[in-house]
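**Q** Okay, here's what each chain looks like letter by letter:
There are 2 protein chains.
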Amino acid sequence: MSASRIVVVGSLAFDNIETPRAKVDLAVGGAASYFAVAASFFAPVAVVGVVGRDFPQAELDFFKARGIDLEGLEIADGQTFRWTGRYHENMNLRDTLDLQLNVFANFSPKLPAAYRTADICFLANIDPALQLKVLSELERPRLVAADTMNHWIENAHDNLVKLLKRVEILVINDQEAFQLSGSDNIIRASRRILEMGPRHVIIKRGEYGAIHFSADSVFAVPAYPLEEVVDPTGAGDTFAGGLIGYLAKQPEVTTAAVRKGMVYGSVMASMVVEDFSFDRLRKIDESDIEKRYNQFVALTQF
Amino acid sequence: MSASRIVVVGSLAFDNIETPRAKVDLAVGGAASYFAVAASFFAPVAVVGVVGRDFPQAELDFFKARGIDLEGLEIADGQTFRWTGRYHENMNLRDTLDLQLNVFANFSPKLPAAYRTADICFLANIDPALQLKVLSELERPRLVAADTMNHWIENAHDNLVKLLKRVEILVINDQEAFQLSGSDNIIRASRRILEMGPRHVIIKRGEYGAIHFSADSVFAVPAYPLEEVVDPTGAGDTFAGGLIGYLAKQPEVTTAAVRKGMVYGSVMASMVVEDFSFDRLRKIDESDIEKRYNQFVALTQF
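Those sequence lines, one after another, are chains A and B. Under our numbering, think of the first position of the first sequence as -14, with each following residue one higher. Under our numbering, think of the first position of the second sequence as -14, with each following residue one higher.
Keep in mind the hints are simulated off the structure, nothing from the lab. Cβ coordinates follow ideal geometry from the N, Cα and C atoms, glycine included. One or more of the hints may lead you astray.
What the hints assert, rightly or not - Over the 10 Å line for every Cβ pair with chain A, so calculated as not near, a few chain B residues:
#1 Ser(-11)
#2 Gln42
#3 Asp112
#4 Leu115
#5 Asn140
#6 Asn170
#7 Leu179
#8 Gly194
#9 Ala205
#10 Pro210
#11 Ala241
#12 Asp273
#13 Ala283
#14 Leu284
Claimed, not checked - Below 30 Å or equal to it, Euclidean Cα-Cα: the simulated DSSO-like pairs (lysine-lysine) are:
#15 A:Lys276 / A:Lys95
#16 A:Lys276 / B:Lys245
#17 B:Lys49 / B:Lys8
#18 B:Lys49 / B:Lys95
#19 A:Lys276 / A:Lys49
#20 B:Lys276 / B:Lys150
#21 A:Lys268 / A:Lys234
#22 A:Lys245 / B:Lys245
#23 B:Lys276 / A:Lys245
Claimed, not checked - The following label-pair restraints were derived from C-beta to C-beta distances:
#24 A:Leu117 / B:His136: 51 to 61 Å
#25 B:Arg176 / A:Asp39: 39 to 49 Å
#26 A:Met134 / B:Glu59: 32 to 42 Å
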């Protein structure tokens, strides 16, 4: 079958990033950017988001060259969302040094008419009220997946609970799963989240990979061990891009498909952290993806 | 083929353990105990160690009932080694509250004549000088595996380096690997340790499983996710027991055998943490091991 179209809503940003070994300013980032670029290797992607007038035309051209539909990308007066962060020596830890929402502050997603029939939707980490709004504008998606973060778990709990009833796949990190569920045991946490609505809970564990829970399956995939992680920013959204991109090519969201999708998500994440921004993904093609996929097979088979 | 005989040298102890949810005194522990009980499900095991007169006859009888050869277990005047520890809410972390070496203080391993022809040797975490002494008393082992800890890496570095030249499989945890190698990247750390002698480096990562490096292979196995970990004490030694026990049944230490052995090690470790001491292993049989092994297949296949 041909791949279903994916609509993604989320942030596009400039990131100023300092790691223990390097520093970069104005790297293109944001959850929707990372997701869209990763997913575009598998399926057609359409973006809903906002950037300022300072967003480079060359980057918009890169998205278009990857077949990413930008009709839903608003270009607003003002500056693009900016995040400044510093990673610890242990790159699982980072501090946000500065956050300027800029044009993102008043963002209200609007779906172009052509997006409303999309089969698949990824609601990246934004206010659950906006995630719900996007969902209400879609006619009949066959797959809805979402991410969220501690801020919304604390401050938008009711809308998040409402959203979860309509989400098939929730992709969050371990700390968020513990916070959302009120349990610090990964099995009990997942079971409680499954009771909140999603049929699949996928928990990201940074350098240790990801683990999946559904009613009848548990699946763990390790992260690909790398000699040098240049920049972990966007790894989670890139993982989601590979996962949902792979699923867009499958006729059904079976457990087997979710497992393979998680491996493709891990493949894409393992490549994106090899450079700043999604620069690594600018240089790869399908054969690099298949090669890394085979390395995951070799990494895990016994 | 029938399984090769394994000689293990290491501690036998009484543990006083406090976890966030329970407390137990005088639990039978020690690296050699955990290793021997786990390995005994796969191969004949012979123990070299020392206990005091206070060590219960019922426990010695349990070892014997599992086919464990105790000819090399010295019963000395005085008290058995005692360790008192408290686990944090995050059970990957623990504090040693008290340590009484007792009869272990003057322990000098002596191999009974019948042990010298053993094919396989596991040198559990003790002074590298004693590990070297045991090794010198073995005629021609086909497989030597070892563990160590931060204390010896700091304080017995020269003997440890000497030992590593003669070890085929080193089983240590991630922090020890970083300390031993001087690198905090798991690939660079493993490469440096491989240069020190071992053909296989297996790094234990607690609740995240274990990862194996050799010249031509990287293999990662997740830990089995458990709803309740009662007591993580001895998980690493139990892992080593399952691993080396499995290898004792194989004609050669191939990469494929090491991978399967790591899964069996993970199987045994996932069961031992379900109760204090190795009480869980008192209640299982080969069919429980195969059942959990199949759960590992289900956990990891895609």
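**Q** Are the hints correct? Go through all of them and say.
**A** Hint check results:
1. Ser(-11): holds (21 Å)
2. Gln42: holds (38 Å)
3. Asp112: Label holds. Min Cβ-Cβ 31 Å, cutoff 10 Å.
4. Leu115: B:Leu115 is indeed farther than 10 Å from all Cβ atoms of chain A, at 33 Å.
5. Asn140: For B:Asn140, whose nearest Cβ neighbour in chain A is about 25 Å away, the distance exceeds 10 Å, so it holds.
6. Asn170: B:Asn170 is in fact no farther than 10 Å from some Cβ atom of chain A, at 6 Å.
7. Leu179: holds (14 Å)
8. Gly194: Violated, because the least Cβ-Cβ distance between B:Gly194 and chain A comes to about 7 Å, which does not exceed 10 Å.
9. Ala205: violated (4 Å)
10. Pro210: With a cut-off of 10 Å, B:Pro210 comes too close to chain A, as the shortest Cβ separation is near 5 Å.
11. Ala241: violated (8 Å)
12. Asp273: holds (18 Å)
13. Ala283: violated (8 Å)
14. Leu284: violated (6 Å)
15. A:Lys276 / A:Lys95: violated (38 Å)
16. A:Lys276 / B:Lys245: Roughly 24 Å between the alpha carbons, so the hint for A:Lys276 and B:Lys245 holds.
17. B:Lys49 / B:Lys8: holds (28 Å)
18. B:Lys49 / B:Lys95: holds (20 Å)
19. A:Lys276 / A:Lys49: Cα-Cα ~26 Å, so holds.
20. B:Lys276 / B:Lys150: With a Cα-Cα distance of about 37 Å, the restraint between B:Lys276 and B:Lys150 is violated, given a limit of 30 Å.
21. A:Lys268 / A:Lys234: holds (23 Å)
22. A:Lys245 / B:Lys245: The given pair, whose Cα atoms are some 22 Å apart, holds under the 30 Å limit.
23. B:Lys276 / A:Lys245: Given pair B:Lys276, A:Lys245 holds - Cα atoms ~24 Å apart, limit 30 Å.
24. A:Leu117 / B:His136: 51 to 61 Å: holds (56 Å)
25. B:Arg176 / A:Asp39: 39 to 49 Å: holds (44 Å)
26. A:Met134 / B:Glu59: 32 to 42 Å: Roughly 58 Å apart at Cβ, these two residues miss the hinted range, so it is violated.
Violated hints, in rising order: 6, 8, 9, 10, 11, 13, 14, 15, 20 and 26; the structure is consistent with all others.
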